[in-house]
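Enquirer: Chains A and E are the protein sequences, given in the same order.
Under our numbering, residues 1 to 263 are what the first sequence spells out, in order.
Under our numbering, residues 1001 to 1303 are what the second sequence spells out, in order.
What the hints contain is simulated information worked out from the structure, not anything from laboratory work.
Because the structure is a prediction, the values reported are computed rather than measured.
Treat the hints loosely; a few may be bogus.
In silico DSSO-like pairs for lysine-lysine, Cα to Cα no more than 30 angstroms straight-line [what the hints assert, rightly or not]:
no., chain 1, residue 1, chain 2, residue 2
1, E, Lys1262, E, Lys1278
2, A, Lys213, A, Lys5
3, E, Lys1195, A, Lys126
4, A, Lys231, A, Lys213
5, E, Lys1262, A, Lys5
6, A, Lys231, A, Lys5
Restraint-style ranges between C-beta atoms, simulated for each label pair [what the hints assert, rightly or not]:
no., chain 1, residue 1, chain 2, residue 2, range
7, A, Leu161, E, Gly1062, 39 to 45 angstroms
8, E, Thr1142, A, Gln168, 37 to 43 angstroms
9, A, Asp122, E, Phe1165, 51 to 57 angstroms
10, E, Val1138, A, Gly63, 41 to 47 angstroms
By construction, the Cβ of each residue, glycine as well, lies at the ideal position given by its N, Cα and C atoms.
Here are the chains, one letter per residue:
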Amino acid sequence: MLALKGLGKTYAGGVQALAGFTLDARPGEIVAIIGGSGCGKSTLLRLIGGLDAPTSGTVSIHGETVHEPHPLINLIFQEPRLLPWLSVRDNVGFGLAHLPRAEQAARIEEALCRVNLEAYGDRLPKALSGGQAQRVAIARALVTRPEVLLLDEPFSALDALTRETLQQHLLDIWAQTRATMILVTHDIDEAVSLAHRVIVLKPWPGRILDDIKIAHPHQRSGVPFEQARAKVRSALHQSLSVPAPADIRTARAQHPSVLETSP
Amino acid sequence: MTMNALKAGSVSDVASGAIDGPSRTAAGSEAPARPVRPAGFSGGQWGGALIRFATAVALPVGAFLLWEIAVDSGLASGRLVPPPSRILTTLVDLWTAGQLVDHIVSTCLRVLLGFLAGAAAGALAGSLTGYFRVAHAVVDPTLQALRAIPSIAWVPLFILWFGIFETSKVVLIATGVFFPVYLGVSTALLSVDRKIVEVGRIFRLSGFDLVRRILFPAVLPAFIVSLRAGLGLGWMFVVAAEFMGASEGLGYLLVDGQQLGKPDQIMSAILIFAVIGKLSDALLVRATAPLVAWQDNFSRGGL
């Protein structure tokens, strides 16, 4: 359903962030994308989300090419990016303005329940903890009932305990919605315990190094988990050993923002 | 906390259950937020307001008292700097003569009209240059050059163009108000966080919806600050405007006081400016505070 064909992105200034990225995601599949910096992970999600236009290749959903943000695709950023002037409820309902009020309210309550925040609807974002804010962001993405959910290191800024809780939340949500998820992460455990498939990237420019199927997904321990983890780890080590080319190092020193589109 | 409770669930469940009730489970792994502290001081709302007011006026009242004593005891003559008692007498005289209200009203009216016109024009121009790159490239350099002109320099020209009566005065005040509002709105729009704009784009907002739902609320705090700066300049320019020939207004009282050698009248007018300037600013802050209550400010955090 979500098909990426030969996706490439070269930023102004000649830095090639991503090259020839091809991926077919089945409906309901969770694909983890893992790799060090310079692999074009964030670039990839921005292309799928329609925030940036690819230099080459296409993104398509149900055979329809994506040129701009698509109603069936939603993106959850590394930071919650809540609108500080809206209550939690209005933040969650942000993407529902086109629906009748009653329908909006019903969907908002449903989404708040999904992330266990039904008691927090009237709060302002400033009165939320980091984990709560990120759950609101997840609810905001869910209310529009996307078929594809893009997650850009969504839990990396949270403490370990909160992260684990939210990972479990995400799996619960997946079980209910069966949305296709593309999860960018730099955490091996997160990738292996959440995904059906882990794609390891190698950098400069970002390309696929390995595509590892997780035989027994959604486990956090046990022999299959350890084996999958070892496999991902060794691929990731291979990826990290690719040295940055001299021109990239120069470009980085001069324009630190070129390669990291989000900090 | 009993051992049974600890056995019954994880520590986080117990911690959250104690506050949110037993229905909360997984969500409770984060510390529940504390109840919001009531605003103001603890000694009741009126008591708090009184203390704040007393603190605010302590400095000027103290200074006035010292000066009164200095003049009264003969340490200073008080001829050019009249003591507060004489200013008060002058104020009462002006009031009973029935002119003071007219002076105040006409000055306030000029500021109000000039402020409304200047703020509207500044907000409009600032929105256009902040939103449209082309407009910024074409218009902003010129406006910045115009901004560099001391607005008083316009006075002779405005008198030639608009005559010596109300129009030229209001236009001068509007000119003064325009620039801070323009600059505030324009720069605020240009510096709206890209990350928040991207949220709007992900939800496929564009054009007017993006402005209404993301850009406008995002720049509102900066807009209000620029309005306050504009209003301050409005009070500044009303004096300049009334210097260029007025038969009433607080600026007229100043000129009249200078020409007839009445320092007490000058001081009275200055005092009234201080009071209504502060009042109008407080009014603006009060009226707009609910619009920006969402801000996560240091001062609102409570210190």
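Enquirer: Against each hint, give a clear statement of whether it holds in the structure.
Expert: Okay, the hints, checked on the actual structure:
no.: 1; hint: Lys1262(E) / Lys1278(E); verdict: 25 angstroms, holds
no.: 2; hint: Lys213(A) / Lys5(A); verdict: 20 angstroms, holds
no.: 3; hint: Lys1195(E) / Lys126(A); verdict: 17 angstroms, holds
no.: 4; hint: Lys231(A) / Lys213(A); verdict: 10 angstroms, holds
no.: 5; hint: Lys1262(E) / Lys5(A); verdict: 85 angstroms, violated
no.: 6; hint: Lys231(A) / Lys5(A); verdict: 26 angstroms, holds
no.: 7; hint: Leu161(A) / Gly1062(E): 39 to 45 angstroms; verdict: 56 angstroms, violated
no.: 8; hint: Thr1142(E) / Gln168(A): 37 to 43 angstroms; verdict: 59 angstroms, violated
no.: 9; hint: Asp122(A) / Phe1165(E): 51 to 57 angstroms; verdict: 53 angstroms, holds
no.: 10; hint: Val1138(E) / Gly63(A): 41 to 47 angstroms; verdict: 44 angstroms, holds
Violated hints, listed in ascending order, are 5, 7, 8; each of the other numbered hints is respected by the structure.
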